[in-house]
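Construct the complete structure from the given sequences, taking the supplied hints into account.
Number of protein chains: 2
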Amino acid sequence: MTGIFTKALAEFASGELLPTPLAMSVGRLSALDWLACGRAGAAEPVSHILHSMAAAEGGAQQAHMFGGGAAPSRMVALVNGTTSHALDYDDTHFAHIGHPSVTVYSAAFAMGQQLDRTLSQVLQAALMGMELSVRVGLWLGRDHYQVGYHQTATAGAFGAGVAAGRLAGFDASQMAQVIGLTATRAAGLKAQFGTMGKPYNAGLAASTGVEVAQLVQAGFEANPDALEGDFGFGATHHGSADYKSALDGLGTVWMFETVSHKFHACCHGLHAALEAARELELAAPEVAELQVRTHPRWMLVCNQMAPYTGLGAKFSYRTVLAMLALGVDTAGLDSYSDETCARSDLQALRKRIHVQADDTLAETESVVTLLRRDGLRLEASHDLQSVVELSQREQSIRSKAASLIGEARAEVAWDMLHKNVPSSAFAEMFGS
Amino acid sequence: MTGIFTKALAEFASGELLPTPLAMSVGRLSALDWLACGRAGAAEPVSHILHSMAAAEGGAQQAHMFGGGAAPSRMVALVNGTTSHALDYDDTHFAHIGHPSVTVYSAAFAMGQQLDRTLSQVLQAALMGMELSVRVGLWLGRDHYQVGYHQTATAGAFGAGVAAGRLAGFDASQMAQVIGLTATRAAGLKAQFGTMGKPYNAGLAASTGVEVAQLVQAGFEANPDALEGDFGFGATHHGSADYKSALDGLGTVWMFETVSHKFHACCHGLHAALEAARELELAAPEVAELQVRTHPRWMLVCNQMAPYTGLGAKFSYRTVLAMLALGVDTAGLDSYSDETCARSDLQALRKRIHVQADDTLAETESVVTLLRRDGLRLEASHDLQSVVELSQREQSIRSKAASLIGEARAEVAWDMLHKNVPSSAFAEMFGS
Chain A
4 MTGIFTKALA EFASGELLPT PLAMSVGRLS ALDWLACGRA GAAEPVSHIL
54 HSMAAAEGGA QQAHMFGGGA APSRMVALVN GTTSHALDYD DTHFAHIGHP
104 SVTVYSAAFA MGQQLDRTLS QVLQAALMGM ELSVRVGLWL GRDHYQVGYH
154 QTATAGAFGA GVAAGRLAGF DASQMAQVIG LTATRAAGLK AQFGTMGKPY
204 NAGLAASTGV EVAQLVQAGF EANPDALEGD FGFGATHHGS ADYKSALDGL
254 GTVWMFETVS HKFHACCHGL HAALEAAREL ELAAPEVAEL QVRTHPRWML
304 VCNQMAPYTG LGAKFSYRTV LAMLALGVDT AGLDSYSDET CARSDLQALR
354 KRIHVQADDT LAETESVVTL LRRDGLRLEA SHDLQSVVEL SQREQSIRSK
404 AASLIGEARA EVAWDMLHKN VPSSAFAEMF GS
Chain B
4 MTGIFTKALA EFASGELLPT PLAMSVGRLS ALDWLACGRA GAAEPVSHIL
54 HSMAAAEGGA QQAHMFGGGA APSRMVALVN GTTSHALDYD DTHFAHIGHP
104 SVTVYSAAFA MGQQLDRTLS QVLQAALMGM ELSVRVGLWL GRDHYQVGYH
154 QTATAGAFGA GVAAGRLAGF DASQMAQVIG LTATRAAGLK AQFGTMGKPY
204 NAGLAASTGV EVAQLVQAGF EANPDALEGD FGFGATHHGS ADYKSALDGL
254 GTVWMFETVS HKFHACCHGL HAALEAAREL ELAAPEVAEL QVRTHPRWML
304 VCNQMAPYTG LGAKFSYRTV LAMLALGVDT AGLDSYSDET CARSDLQALR
354 KRIHVQADDT LAETESVVTL LRRDGLRLEA SHDLQSVVEL SQREQSIRSK
404 AASLIGEARA EVAWDMLHKN VPSSAFAEMF GS
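For the record, the sequence lines run as chains A and B.
All residue numbers for the first sequence refer to this note's numbering, where the first residue is 4 and numbers rise by one.
All residue numbers for the second sequence refer to this note's numbering, where the first residue is 4 and numbers rise by one.
One or more of the hints may lead you astray.
Short, incomplete list of chain A residues facing chain B, as computed with Cβ under 8 Å [as the list claims (entries may be wrong)]:
(1) G151
(2) N204
(3) A238
(4) S248
(5) L374
(6) G378
Here's a subset of chain B near chain A, in silico, CB distances under 7 Å, partners left out [unchecked claim]:
(7) S55
(8) G61
(9) Q64
(10) R188
(11) A225
(12) G313
(13) E414
(14) W417
(15) H421
According to the in silico footprint, chain B covers these stretches of chain A (three or more CB under 8 Å from chain B) [what the hints assert, rightly or not]:
(16) 10-22
(17) 39-52
(18) 216-229
Bear in mind the hints are in silico, worked out from the structure with no lab data behind them.
Backbone N, C-alpha and C fix where the C-beta goes; we use that ideal spot for every residue, glycine too.
Structure follows, in structure tokens:
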């Protein structure tokens, strides 16, 4: 017997309500974005460590890895989940709270190749999984995140399992098994933020999804009510268990449509301010003073006052806004460096930038007020949740992908995402 | 920077304080017991499912699996941890609260073979790991268990990682990395009790230990304070964090010495009553009435009144005591069957057995009062924590192992455990 929430999720995951055309379009954008982040992330030290473990184990070449080579799909999901989150440049869903693509696409592409599924089947299964991740994330709620769980990894594992199960053709009862078994396996702590453990958490979730789906396919019988039942994942992991809100519109409203992509290679908490400042056409020589207002929650996350390292810069309003005003490319991976922090013009400008908490703003919102040297006062605000035209999102992501993996490859991949080719054809682009 | 508890554990795990001779002797008994449970457990359906996953993945033959065959050591740990706990017949440490051997030996034997270590090195590393599992279990405390976490899997993963790390020759700073990385990976819920998910939890912990040690060896950098620091494993997982009690005597007092072995193939909550009843030389025709007193916590765990399945019998005071009185072997795996439950003499006798909660007793204690047909009243009590002579423990475990895997093999294994042979020699006994 399963509870109301698990039953609804299992029926959705195995059912006939398919993603809207808009959700599918956004899903394609996220797939391109994920490919670009994964290929670019393969150069990171954490990716090399996971790769070396895969090489030492060897085994059946069931799917392809970012950085090249093939391995069993459980391992591929671990490597690709870690690698695609290594730069922390992938998409975010603010209701989730987490990064849906790195966990779910990593699982779906691995399982899709193992089972010889087409690219369209992988995209559709991943969209079902990502929608489920968002719903489970909502159900777990803010307390779960605040106490220390990394929702990308916890809620994400359920989405990864369901995407893998969808590719295996599971019915509702098998999907309930996937959910129940994932409940005993999903893990990941925010205490790993700022270390290699953060991207590893995403890899864990992806790999959990593949493992669980494979076990259920082989006839594994777990407690299908281990997510919401007594002593279940919700009860043990500080879940809110508000299933009514979490299920609202499931199957008709596709929350994944509002996923947010990163166009600056820094903490997502800084992006609304950067977008607002962009509207003001910020230029350093004109800046007398700049004031940023943002949701209080970000003050402890990304308000480092005067960092001197590249990593610190990625968590500093004052630094990234000074970079923007000085014409440093905030989308460039190499822009966030110790050298940038050491620039005297940047340090001088940084002193004229002030950050203030404002609890009337949403978490996705910022207001930037510029006092120009000529006395003019300008203000702009931006909300990351505001609707952006699909064509504009497409242009931005294709351009981001081109800068990360080269225009030629980005365009071939984008083209492929519109055709019903074998998923292995797309995955061959993961390698060098 | 690590907290006091992690620092002490990391120093212990990498240090020079070795297990006492008694701890080593008990460790050898547990190794034989674990081998017997693992080989016998390989016939269970859950073991077949894990085995088929290992076969599909293939890869480097780093270590041996129960049931035969070799695979990468991460996979071997997953298979062997699950398989050796499949019968639920392995050892228990009541302070842990959990089953130390199935997680730690499964990790240590896998890693030991991969790194070409001797049997003595594996035994010693496993004892360090099991001691650490017990200490982490104490630190997590009763709340952690009561809320729904399966301590075998959660505390056990830390012990598995440390045992694997010890075999890799880690220093204190690497051990702190093992502990910190395990904190983001350890998982397992009691909601899986009664399903294949329970033994799988043990496999997960073993596999986590091997994976984490391999990553740290390759240079992985996690947050070494993720067990006890802010937003760490303790804070998120309802840990008591009473490090003073948990560290009491660490390195000089070997808590593992008091591990408890099962000599009846049923729930550990029934064993004290069975031992007490054995002292009364219970025989069905003489029983007018039998009263059992036990700690209240067991009333919800193993007091099924009149089960009709073999699985139900394993959780029923009245059934196992009736079996004992009727001369049915409570150590035999096949004794717990639907047929046994259906016996009319057993059902008649069961009605004369009464179970009562008694909160003056320890969890490991039971009192059995027999009213004989001749009017004589006899009483016996047993505490599983009471000291048993090593020679008596040895005799019981060798006899149990002989009944599970045959006397010849059990004696070869027991002999081998006293010699410094390669660990792969012992592991070759896992197969058919």
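Here is what the structure says about each hint:
The interface hint given for G151 (chain A) is met, as the beta carbon of that residue sits about 3 Å from the closest beta carbon of chain B, less than 8 Å. Taken as an interface hint, N204 (chain A) checks out: its beta carbon lies about 6 Å from the nearest beta carbon of chain B, inside 8 Å. Because the closest C-beta pair between A238 (chain A) and chain B is about 6 Å apart, less than 8 Å, the hint holds. Because the beta carbon of S248 (chain A) sits about 23 Å from the nearest beta carbon in chain B, more than 8 Å, this interface hint is broken.
Contact between L374 (chain A) and chain B, as hinted, is not supported at the beta carbon level, the nearest pair being about 38 Å apart and thus beyond 8 Å. Because the smallest distance between the Cβ of G378 (chain A) and any Cβ of chain B comes to about 46 Å, over 8 Å, the interface hint for this residue is violated. Given the 7 Å rule on beta carbons, the hint for S55 (chain B) holds: about 6 Å separates it from the nearest Cβ of chain A. The interface hint given for G61 (chain B) is met, as the beta carbon of that residue sits about 5 Å from the closest beta carbon of chain A, less than 7 Å.
A distance limit of 7 Å between C-beta atoms decides the matter here; for Q64 (chain B) the minimum to chain A is near 10 Å, and the interface restraint is violated. Look at R188 (chain B): its Cβ gets to within about 6 Å of chain A, closer than 7 Å, so that hint holds up. For A225 (chain B), the suggested interface contact is upheld, since its CB lies about 4 Å from the closest CB of chain A, less than 7 Å. Using the Cβ-Cβ criterion of 7 Å, the hint placing G313 (chain B) at the interface with chain A is not satisfied: the shortest such distance is roughly 17 Å.
For E414 (chain B), the interface hint is violated, the least distance from its beta-carbon to any beta-carbon of chain A being 35 Å, above 7 Å. For W417 (chain B), the shortest C-beta to C-beta distance to chain A is roughly 33 Å, which exceeds 7 Å, and the interface hint is violated. Among the interface hints, the one on H421 (chain B) is violated; its C-beta lies about 33 Å from the nearest C-beta in chain A, farther than the 7 Å criterion. A stretch counts as covered by a chain when three or more of its residues have a beta carbon under 8 Å from one of that chain; for the segment 10-22 of chain A and chain B the count is 0, and the coverage is violated.
Counting residues of the segment 39-52 of chain A whose beta carbon lies closer than 8 Å to any beta carbon of chain B gives 3, which reaches the threshold of three, so the coverage claim holds. By the rule of at least three residues with a Cβ nearer than 8 Å to a Cβ of chain B, the coverage given for the segment 216-229 of chain A holds, with 10 such residues.
Checked against the numbered hints above, the structure breaks hints 4, 5, 6, 9, 12, 13, 14, 15 and 16 and satisfies the rest.
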